[in-house]
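Construct all of the structure, not just a fragment, from the sequences and the given hints.
Here our numbering is used: the first residue of the sequence shown is 1, the next is one more, and so on.
Source of the hints: derived by calculation from the structure; they are not laboratory data.
Worth double-checking, as some hints may not be accurate.
[To be verified] Heads up, simulated DMTMM-like pairs for lysine to aspartate or glutamate below, C-alpha to C-alpha not over 20 angstroms straight-line: (1) K191 with D226; (2) K101 with D183; (3) K191 with D107; (4) K191 with E231; (5) K191 with E155; (6) K191 with D105; (7) K87 with D183; (8) K101 with D64; (9) K191 with D229.
[Unchecked claim] Beta-carbon label-pair distances, calculated as ranges: (10) V127 with R176: 20 to 30 angstroms; (11) F228 with G174: 14 to 24 angstroms; (12) V206 with I173: 36 to 46 angstroms.
Quantities reported herein were computed from a predicted structural model and do not represent experimental measurements.
Ideal Cβ placement from N, Cα and C applies to all residues, glycine included.
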Amino acid sequence: LRGMRPAVCACMPAQARLSWFLATTSCITGCSYHAFSPPTRVVPLESPQVLPQARHSVAAQVIDTGAVWGPSFLGAAVRYRRGLWDKLEGSAEASLLHVTKQPEDVDIWPQGYSVRGGLKFQPLDWVALGVGVGGGGSAFGGFVSPDIGLVVGYENPYIVPFIEGRAFISQPIGARSLYVGQDDGETRYTKPQTTWGLAAGLGLRVPLQHVEPVGHSLLLGVSLTDVFDRERREGFLAASVG
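So, in structure tokens, the structure goes:
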């Protein structure tokens, strides 16, 4: 993640933006640039319910996300799910995020992508446990990221509220140090390092069709993700519809 905090650091360019998968500008004491290694998911729009065995599901979502005090970017994700056994399903998903703005003197490929495979187990009607692993890349190099999560919700035919929490670690692969602009005449470079993260989210699943075994739903969600490494810490807000 790389972004600017213009409200806090007036010395930074107002148009500084890079995607979730690139780098983040943090303002702790003065103005500084910093890169985080990203997770594979931004907003998981999932209630606790798993699919019955051999059933399939496809979901698509759009994402608007950014640092609490600055950067903004848009993205999309597609997820395929299949019921494997009783109370267990598998999933595969792909995500893409695109930078909305970046400094005029910075020429960095403004895309970041990831893929992830996961399992979700539902021991009770109102709770499910999930694990997954994936990876991706950006102009700053590649990464691999495992995650673990919990989702709690109230399943019903009308409006399904749910809350979710996740923890992840992201390890860069072939990380590159890239030029990210000037700060008070000083040339800045940044390179991602091992990153940890915690995330929490709220969501709603609104069934649009109450006919089994086929159904369609509208999904809405927001999340807050806290990422940190040995040097910096930053929070990111996200909203999504699917």
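Find the hints from earlier in the document that the structure breaks and name them by number, from lowest to highest. 5, 7, 10
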